[in-house]
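Below are the chains, spelled out letter by letter.
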Amino acid sequence: MNFVWFHRLGSPPYVYALAQRLTPWLAWPAALLILAGLWGGLVLAPPDYQQGDGFRIIYVHAPSAWMSLMVYTSMAVSAAVGLIWRIKVAHAVAAACAPIGASFTLAALVTGSLWGQPMWGTYWQWDPRLTSELVLLFLYLGYMGLRAGIEDTQRADRASAVLAVVGVVNVPVIHYSVTWWNSLHQAPSVMRLAKPSMAPAMLVPLLMMLAGFTLFFGAVLLVRLRAEILARERANPWLKEALAR
Amino acid sequence: MTTLPDAGAAHAADVSPVTSFGAASLALRRDLTLAFRKPAQLIQPLAFFALVTMLFPLAISPELSQLRQVAPGALWAAALLASLLALEFLFRDDSQDGTLEQYALSGQSLTALIFAKTLAHWLLTGLPLALMAPLAAIALGAPNSSLAGIIAAVVLGSVTLSLIGSIGAALTLNIKRSSVLLSLLTLPLSLPVLIFGARATQVAIGGGSLVAPLELLAALAVLGVTLAPLAAGAAVRISLE
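Those sequence lines, one after another, are chains A and B.
Note that this note's numbering has the first sequence beginning at 11, numbered continuously upward.
Note that this note's numbering has the second sequence beginning at 284, numbered continuously upward.
The hints are simulated quantities; they were obtained by calculation from the structure and are not laboratory data.
Straight-line distance between alpha carbons at most 25 Å, and here's what the computed DMTMM-like set of lysine to aspartate or glutamate pairs gives: (1) B:LYS459 with A:GLU161; (2) B:LYS459 with B:GLU384; (3) A:LYS98 with A:GLU161; (4) A:LYS98 with B:GLU524; (5) A:LYS98 with A:GLU251; (6) B:LYS459 with B:ASP376; (7) A:LYS98 with A:GLU243; (8) B:LYS459 with A:ASP162; (9) B:LYS321 with B:ASP380.
Hey, can you work out the whole structure from these sequences and the hints?
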């Protein structure tokens, strides 16, 4: 088998140019899907029979929560690739992932608590999913704090990669322990809504938002990756050529 | 010319190869000896643990019936903080005087050596904490019948805390003013221990069967023993680069 395409992905100049070329191919579909999904979710979809218009926050909340986990997984996978095969670009991808993932996690937390106010009557409930999401935010913050704390880029890469891999082993343990903890402590007064099976008019916009958010993550990742490569390769002559072009 | 191979053979016989296990037990003995020469450092985390436990009656209420309800949480929060505080001693001296570099260059398995160091650290901080936990529990209104269960829970839980902490301490080795970062890295990973430990303590105080919660704590400890030394060893190597 021919692995040239794979080996090329380890070369910063090639990835820099590739990221530049690919960005619009992800950004435009992302913008279209998100706009269409918002239109479908906020205008076309009927109000929920129990939650009224309050349920519409799901169109931002669910994709953000989904992305917060997906970005962490991508971050850990690329960190592991960088750690095992010593590929600089993979470390750059992991470094570029962290702030995006932290933002998605924060968005999921904020929208979740805004949804909680009318539904549960409180902004914060120690719901297992909200709690795991909060822990995930701290994992992201720890990862970024470790990167910021180590001045040498290569050491920061490798140390934070170990942390990302340790985190990924721990995420399921944390998630299940939090779920288990909550099932013991759940106050009986809390209204629990069973997840209703969604009508297509509600589901299709949600799926569009999911796809849109994923593509949006891809586009932002490529932009951040280029910034990351610029910062790392600033002393290299190829960069001067690439920027002059 | 004929003497050379002989000298080499004599030399090789002189320095018998040390197994990983032998090297690790030497490292363990060395750490314990060093620690007992500075006993004041050993008492600090214990004093801190007692102090944090004392905060709860002062802040909540001196009523034992009320304290008994928060006792599991208070006990485990205090234990978590005390073990976090003690982590600073784990690698700091050895990293400053170059011992860790010698370990890394020794040709022995760094994983085994780091595991020995973590084990020494647990014997010096985690185990005393577990032996002191009943005192704190009594002060918070736990009945005498619960004390054996509480000791078992803290023994098992503190193993995992030391192991998770060894990863965080190894990652932050060469960072100045790293204590806040160390807690940011370590605390989220320690949450399962807090949850299961507090649950076990609650069951012990309530007089229920401790088998399931202790098994969960033991499962976490086994997971930690298997994986954490690998990660901590890799992290030490990276920090020394």
